[in-house]
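Trainee: Sequence:
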Amino acid sequence: MAKSAKGAAATKLIADATSAPGAYVFAELLEMPNIQELAANEQHAQWLELLKLFSYRTWSDYKQLSGSLPQLNPTQATKLKQLSIVSLAERSRILAYSDLLAYLDISSDVLKGKLDQKEARIEIEYTIGRDLEPGTVGLESLLGKLRDWSSRTATVIQALDGQIQGVKDNEKTVTDAANRHERERVAMATQVAEQRRQQPRKQAVEDALGASNNAPSGSSADVQRPTGARLAARGWKHVARGIQGDKPYQ
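Residues 1 to 250 in the working numbering are what the sequence shown spells out, letter by letter.
Just so you know, the hints here were simulated from the structure itself, not pulled from any lab data. Please note that a few of the clues may not be correct.
[Unchecked claim] Pairs of lysine-lysine, BS3-like flavour, derived with a Cα cap of 27 Å:
no.: 1; residue 1: LYS112; residue 2: LYS145
no.: 2; residue 1: LYS81; residue 2: LYS52
no.: 3; residue 1: LYS145; residue 2: LYS172
no.: 4; residue 1: LYS6; residue 2: LYS52
no.: 5; residue 1: LYS63; residue 2: LYS3
no.: 6; residue 1: LYS52; residue 2: LYS112
no.: 7; residue 1: LYS52; residue 2: LYS63
no.: 8; residue 1: LYS118; residue 2: LYS168
no.: 9; residue 1: LYS112; residue 2: LYS63
no.: 10; residue 1: LYS12; residue 2: LYS81
no.: 11; residue 1: LYS118; residue 2: LYS81
no.: 12; residue 1: LYS118; residue 2: LYS172
When you get a sec, could you build the whole thing from the sequences and use the hints?
Mentor: Right, dumping it as structure tokens:
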């Protein structure tokens, strides 16, 4: 029957073969003379090209030539994609998911997941949303879950804001402590510098007092010292007492 099919019958034979479950090899059908005769018929030639496509081409080829080929039904489209994977596997034993998605014209923005070969399943990570029909069962439950999610998100954001404010407060405390320490350091350095500046003057006063105290009482030096010198010595004593914390001379 396959050898005798002509014209429209031959095109139906091709459509049935490319849609049949488990049929993946078409070389024998393609080589039949009555099938090759379709090339001479402008109306049916596209079916011969479709059979060639299923024999050794891929889904991407169909997408490029779809304007000049018969439209595929869902079964044919699935089979051609499966055959396309076989052709891709002939080039490499390792197939990247991204290559498969591009090769089979599957959008990566619609669904994302991981293949679990051990459990023979796919674990969905992300899907796009679809419109919900009014009155859909579970819609209120979905809205409740969204409200819970919104509430938890607000709580998390509030907690994060609190932590951020705590970090800012701690940073301000550290900065204030550093500034206070710097002020204390500057004050101490100023005090030390002032003490060093006054040290020569204090030493001179102490030397003068020492010389006055070491002179023997009633000695000729004291007797012979001019009245102005004795008054000067007494003045040094009062100055020294003022420096050392005694009452000032009056």
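Trainee: Taking the hints in turn, state whether each one holds.
Mentor: Hints versus structure:
1. LYS112 to LYS145: holds (22 Å)
2. LYS81 to LYS52: Within the cut-off at roughly 15 Å; holds.
3. LYS145 to LYS172: violated (41 Å)
4. LYS6 to LYS52: holds (18 Å)
5. LYS63 to LYS3: This hinted pair is violated, its Cα atoms lying about 30 Å apart.
6. LYS52 to LYS112: Status violated; Cα separation ~33 Å.
7. LYS52 to LYS63: holds (14 Å)
8. LYS118 to LYS168: violated (50 Å)
9. LYS112 to LYS63: Given that 27 Å is the threshold and the Cα spacing comes to 23 Å, the pair holds.
10. LYS12 to LYS81: Holds. LYS12 to LYS81 sits at ~21 Å (cutoff 27 Å).
11. LYS118 to LYS81: Within the cut-off at roughly 24 Å; holds.
12. LYS118 to LYS172: Measuring from Cα to Cα gives roughly 56 Å; hence the hint is violated.
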